[in-house]
Structure formats: structure tokens, C-alpha cells
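Protein sequence lines, in the order shown, are assigned to chains A and B.
FYI, my numbering numbers position 43 of the first sequence as 43, with every residue one higher than the one before it.
FYI, my numbering numbers position 93 of the second sequence as 1093, with every residue one higher than the one before it.
A hint or two may mislead.
[As the list claims (entries may be wrong)] Now the in silico label distances, taken between C-beta atoms and shown as ranges: (1) A/I17 x B/Q1076: 37 to 43 Å; (2) B/S1107 x A/D73: 21 to 27 Å; (3) A/I176 x B/N1016: 34 to 40 Å; (4) A/F24 x B/S1019: 18 to 24 Å; (5) A/N189 x B/F1030: 21 to 27 Å; (6) B/S1019 x A/L41: 52 to 58 Å; (7) B/D1154 x A/V9: 51 to 57 Å; (8) B/F1030 x A/D112: 49 to 55 Å.
What the hints contain is simulated information worked out from the structure, not anything from laboratory work.
Where is the CB? At the ideal position from N, CA and C, for every residue including glycine.
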Amino acid sequence: MAKRSSPEVNAGSMADIAFLLLIFFLVTTTIETDSGITRLLPPIEENEEDVIIKQKNIFTVLLNNKDQLLVEDELMKIEELKKAAIEFLDNGGGGRNTNWLVLDQSSGEWVDSGKSGCDYCSGKSDPKSSDNPDKAIISLKNERETTYATYISVQNEIMAAYTHLRNQRSLKLYGISYEEMKSNWYDVNSPDYKSKSLKKKIDRVKKEYPQKFSEVE
Amino acid sequence: MSKFSKKKKGDLPAVNTASLPDIVFMLLFFFMVATVMRDNELKVKNELPVANQVEKLDKKDRVMYIYAGKPNIGYQVKFGTEARIQLNDKFADVSDIPAFIYAERESKREELRNSLTTALKVDKETNMGIVSDIKKELRKVNALKINYTTRIGDISMNQ
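Can you make the complete structure from the sequences, with help from the hints?
Spelled out as C-alpha cells, the structure:
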């Protein structure tokens, strides 16, 4: 019997089919953004007690209806805000000889010592500015006519100030930046993935520069 | 007499297109993988602001989305040009937010209900008034974890 070879399938139209699918996906695709600034809103408290906070420990940021930035009663550009916030937070006006945080020997955790100094701050120790990062509060007020984009810029710069200080502190303590520690924490391939020792490091840096950032309604 | 006949002059060989399907398929797979199908159709302008201190959002089943911005051109006749809130695929009022949050919570798996995030996708030209109103409503229903969704980049692009 004669050997019969099967005829080859013509693949010439393959490209056309693939193109058709490609164009369909090209048109329907909207790559969605899934990142942003995460914040925690304060819960509504029924009987609010008035806490007395010294004026020097508050850093007021005001955004008016013309998108102008007023920091501690002075006009400022958004680009300068980060530097000003860092100076305020890292001031350490309570002195360098004492520290507001103390290591509790029994539990191994860092607790409040009741003193107001800050021995790790690297600011100017201006007595007119904040005592320590725990007492330093940034208060942001905006008006209804403020543009959202400007508001986000300001939020971003204030968060950047905290991140900068945490990175700096973390580099000094552990030789690795805070952001890197955080990404290791979430990285499945990292040896420190959700490890206890890393958690302790992150918590310490977080505690030393807590985000005390309130928004006035 | 020659066994090897000369090629005709000026006859260009055809370009081989055999690898064309491969290339197209590669592109196709990229788009198929990168595509996230939208849950709801956007009815408001939604150009997000830019920031660089960003964190990645949780998985999709832990996030509730609230959109705000000017209505798109097709809806401006009915809803005006002032910024509006969009919940699911309808225009809504600030007072509808608590009901929306309760309904969303109800639709999520029980073990996730305490760790839900509200993502605010607000157009960058919107005034803060509407955002403050949204935040106030969210505080009332104890949905405290929020995320201002932004694109990643330098803040100088916000001007």
C-alpha cells in the first residue's frame, strides 16, 4: 500500500486569531491602581476629655481654600514641609540626658518612663519646639474648598517625614532601613518573613517615632 | 549549460512571518494576565492624585470602594457638574454611605469583616468638603481603616 502522509494543517490564520484576541484584551483592559496612603480614622468618642497639650508640642498645618499652606502661622511651600516636620519631630527639646522610653527588664518591652527627654533625637533641642517624638503632634486642618490633590500632597509629605526619621533610626540601630525591614516582613522569600525578631525591631522603631498625626474636623 | 540557474535579479525574498503568532501570543498573554476586570462602571471622572508614601492595598475581597468626582459628560445633564459620590454603580448621597458599608460588610466572609479597608478613589480636582463628609460617615459606622488610592510618583505632578 502506498504510504500516505497526512496533510499539514495550515497555520496561516493563527496570527489573525491571536490578533483578534489581543485587540479585545487591549480594549477592555484598565489597569487598576491598587496602592495608596493608608490612614486610620479616629473613632468617635462620646465624652471627650480635654487633654492639655503644650503649645510647643503641636505643629499646626493649615491648608486654606486657595491651596496655600500655613505652617505654624507662616506661609510655606509644600516642598519645604517635609524638612520642617522632621525638624519639629526630631527636636528633642526635653533634653538628651534622659529618655522617655525605657526597657522594661521583666517583659523585655519598651515602656514609657515618665521623663520627657529623648536621647536618640538628632534635632536642635530647641526649648520652644517639641519635647520628644512621642509628645510631638502634627495637626492638619483643611477647609472644604481645599483641593484633594493638594491635601494628598501634604499627607504624603508628612508621612515622608515619619518614614525618613524611622529609616534613619533603623539604619543606626540595625544597619537596615525601616522600609526594607517592612518589605522583608511581607516578602515570602525573605528569611525574616513574619519572624519574631524582625517584628521586635519594627515595633521598636515604630514606638520611637510614633505617628501622632491628627486631623481637625 | 549550467546546472545552477542564476536567480533572477531584483527578486527580494519574502520576510518570514512564522514567528508572528508567537509574538502576538506573548503580548496577548501579557494583557490577559495584567487585566483586572472592573466590577463597576465608572460614572465619575477619576483621575487620581500622585503620592510616593504608598502602601499596597489588601486583597480585593477585603476592600470596599468609594468613588468621588465630577460626573462624566453623559451624566452631567442629570446630575450636574458638582462632584458626586459613586457607590457600586450608582450615584449616591453622603447619607447612603452607612447603608452601603453595612451591605458590603454583610457580603464579605465573616472572618474578614473586622479587617476591611475602605479605598477612597477620589478625583484630584475634587474639593475636600465631600471627602470630609465621607470620612465623617465612615467614622460613624466604625469603618476606620481607609486608603486614599493614588498613583505612584512625585507630588510635584499634583499641581
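Right, here's what the structure says about each hint:
One distance hint, 37 to 43 Å for the beta-carbon pair A/I17 and B/Q1076, holds here, with the actual separation near 41 Å. Distance hint check: the CB atoms of B/S1107 and A/D73 are about 48 Å apart, inconsistent with the given range 21 to 27 Å. As the Cβ distance of A/I176 to B/N1016 is approximately 52 Å, the hint placing it in 34 to 40 Å is violated. Judged by the Cβ atoms, the range 18 to 24 Å given for A/F24 and B/S1019 holds: they are separated by roughly 22 Å.
At about 23 Å, the beta-carbon gap between A/N189 and B/F1030 stays in the expected band of 21 to 27 Å. Taken as a hint, the range 52 to 58 Å holds for the pair B/S1019 and A/L41, whose Cβ atoms sit roughly 55 Å apart. Between B/D1154 and A/V9 the Cβ separation comes to about 53 Å, which falls inside the hinted range of 51 to 57 Å. Between B/F1030 and A/D112 the C-beta distance comes to about 53 Å, which sits within the given range of 49 to 55 Å.
Hint compliance for this structure: hints 2 and 3 are not met, and every other hint is.
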